[in-house]
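Chemist: Residue strings, one per chain:
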Amino acid sequence: MPAAIQLLNLTKEYRRDSFAVTALNQVDLTIEQGEFFCLMGPSGSGKSTLLHLAAGIDKPTSGQIVVLGDDVGRFSDKQLTAWRGENVGYIFQTFNLIPVLTALENVELPLLLTGLSRAARRKHAATALEIVGLSDRLDHYPRQLSGGQEQRVAIARALVTDPKILLADEPTGDLDAASAKDILEILTVLNRDHGKTIIMVTHDPQAAKHAHVVRHLEKGDLLPEGQLPEA
Amino acid sequence: MAIPFSYNLRNLKVRYTTTIMTALGIGLTVAVLLGILALVNGLRISLEVTGNPRQVLAMRQGSTSELVSFVTQEQFNTIKFLDGIEQLDGEPMASHEVVSIVALPLRGTTEDEGNMGNVNIRGLSPMGLRMRDGLELVEGRWFESGKREVVVGQGVHGIRANTDIGDKISFGRGDWEVVGIFNAGRSAYNSEIWTDGNLATTDLGRGSSRSSAIIRATDEAAALAISNRIKEDQRLLLEGRLERNYYEEQMSSAAPIQGLGIFVAIIMAVGSCFAAMNTMYTAVARRAREVGTLRLLGFSRWSIIGSFVFESLVLSLLGGVAGVLLVLPLNGIESRLGNQLTFSETTFSFQITPESIAAGLIFAAVMGMIGGLLPARLAAGKTILNSLRGS
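If you're matching them up, the sequences are chains E and R in order. For the first sequence, this note's numbering gives the first residue as 1, with consecutive numbering after it. For the second sequence, this note's numbering gives the first residue as 1001, with consecutive numbering after it.
Treat the hints as calculated values from the structure; they're not laboratory data. There's no promise every hint is true.
[What the hints assert, rightly or not] Some chain E residues judged to face chain R by a derived CB distance under 8 Å, without partners named:
{"id": "1", "residue": "Ile57"}
{"id": "2", "residue": "Asp58"}
{"id": "3", "residue": "Thr61"}
{"id": "4", "residue": "Leu68"}
{"id": "5", "residue": "Gly85"}
{"id": "6", "residue": "Ile98"}
{"id": "7", "residue": "Val100"}
[Unchecked claim] Covered by chain R, according to a simulated footprint, are these stretches of chain E (three or more residues, beta-carbon under 8 Å):
{"id": "8", "segment": "72-84"}
{"id": "9", "segment": "106-112"}
Yeah, the Cβ is synthetic: ideal placement off N, Cα and C, and Gly gets one too.
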């Protein structure tokens, strides 16, 4: 079974005017399938950049990204879109729901790109919402939901296509403590009971406790396992 | 698969103030265009239905209208016995007619207020009356020969003062009493006042010559042949043309208004395009993260372009429908237009046809398409990451 994600000597630099800013510096990392992996670090340490690269929505300056055995860098835009739809679900800190669509319609969106019938799409979306405990909110618009409920809809949208990997970018960053706990419980269940590989970016130590593996990034460098950044 | 239409329709509904304002802007442009088309259509219908395809109008060579033409009695006697002329009760169907103009004030105003307009006066024979198809007396009676009496076309009666039964109209050597109102359908005759040809010719001091001669041929081929014979006969110095063609040529009087109207509509259309574009640029900027999310979920750049262009199209078509609704009350309203060939005015009713409505909606759709395409390209052109960052 291939690793969920392998980052091989990965470097990402951004150019700001005439300066080059290193977001990730020669990162080597392997995340196995079925892991709940947590990446921590202060703002600007390169956490989100790493997640963007793993999702194939950004390109590295150098190095290789292998996801589920596929070299992401070799895909065309079209192949990448199809691959991402099949293998990766993405959860945002700010939920990124479409405000004019109901919870059910938001979750149904990724399925519009599959060959499923409308009835099958609706059924899948309702099941995903049931998994996150929102089967009584199908026809609610995002503005009619709490932050925690919105994030649950976003999780349902990420898992509705049954991807192997869920990438979560600060999924509890915009939530109160109680809602954050609920979301982390859901992610734990998805990892434990549904076998999803979860890669979560956070700087909340409480959230990190749910993960099997926690690694830290500091100024673009991935610290060795067990090492914390300097205070 | 495309992004669901409900996404765009609900977005238009959510920002309804912007939607209404933009749609109204486009609607006004469409209304201007439809108004001009309604005017031109009305005038065209009025002039195109005038005249019988079997009738030939003879005028002096080089005359652009009956008003500046003269046909002598001798010339008339020659042409009314040409081969191919229809007979009625043993008489050739030919009418020697005199045409002049009289200035009348607008209904509800007086001469002193200056709202004068020229109306055609036509003196014709009893045969001339019988040669006009579809005439209907709607009020009063027809004029009697030898009396200073006139009948007024319904178009003139609706717009000009002093045209009610019993009113007096001054021209020639005295006052003429209005004794009837006639309806000539949608033809240009509705814009005329008719009277006895003999008396009018004398009164107007025209001697033995009148303005024109109208002849009815046995069929359309004969009408063409007669028209050619009149034209080719060097002794006559007359020009024969099919009566229907003569009225169709007068459509040129609408050309300046049509041109100006279309020019104004195009200027407004450019403005409306910018309005639609501005609305869509704002929408694209505000929904950048949504675009990024949709792209991340797997929707292609073309789906994004299609979605925003569709939204712009719906917006502009809403405007188009608003424009049609704005202009519909104009349909059937009587108006008038100065005719530069006859120096008189032609009354007509605004005609909004299904074709012009379709043209208005297509016009709106084109504005929407142009207004939506650039913002849609901008939305789709960004990388997923830039869209998600809202930049």
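Chemist: Any CB of chain R closer than 8 Å to the CB of Gly85 (chain E)?
Modeler: With Cβ-Cβ at 4 Å, under 8 Å, it holds.
Chemist: Tell me if chain R covers the segment 72-84 of chain E under the three-residue, 8 Å CB rule, please?
Modeler: holds (count 4)
Chemist: Go through the hint on Asp58 (chain E) and say holds or violated, using the shortest Cβ distance to chain R against 8 Å.
Modeler: 5 Å, holds
Chemist: Regarding the hint that Leu68 (chain E) lies at the interface with chain R, is the smallest CB-CB distance below 8 Å?
Modeler: Cβ of Leu68 (chain E) sits 17 Å from chain R, so the hint is violated.
Chemist: Taking beta carbons only, do three or more residues of the segment 106-112 of chain E come closer than 8 Å to chain R?
Modeler: Per the Cβ count (3), the hint holds.
Chemist: Against chain R, is Ile98 (chain E) within 8 Å by beta-carbon distance?
Modeler: 6 Å, holds
Chemist: Given Val100 (chain E) as an interface hint, is the shortest Cβ-Cβ distance to chain R below 8 Å?
Modeler: 4 Å, holds
Chemist: So, as I understand it, the hint says Thr61 (chain E) touches chain R; can you test that by seeing if any CB pair is closer than 8 Å?
Modeler: 14 Å, violated
Chemist: Let's test the interface hint: is any C-beta of chain R closer than 8 Å to that of Ile57 (chain E)?
Modeler: 4 Å, holds
In summary, the numbered hints that this structure violates are 3 and 4.
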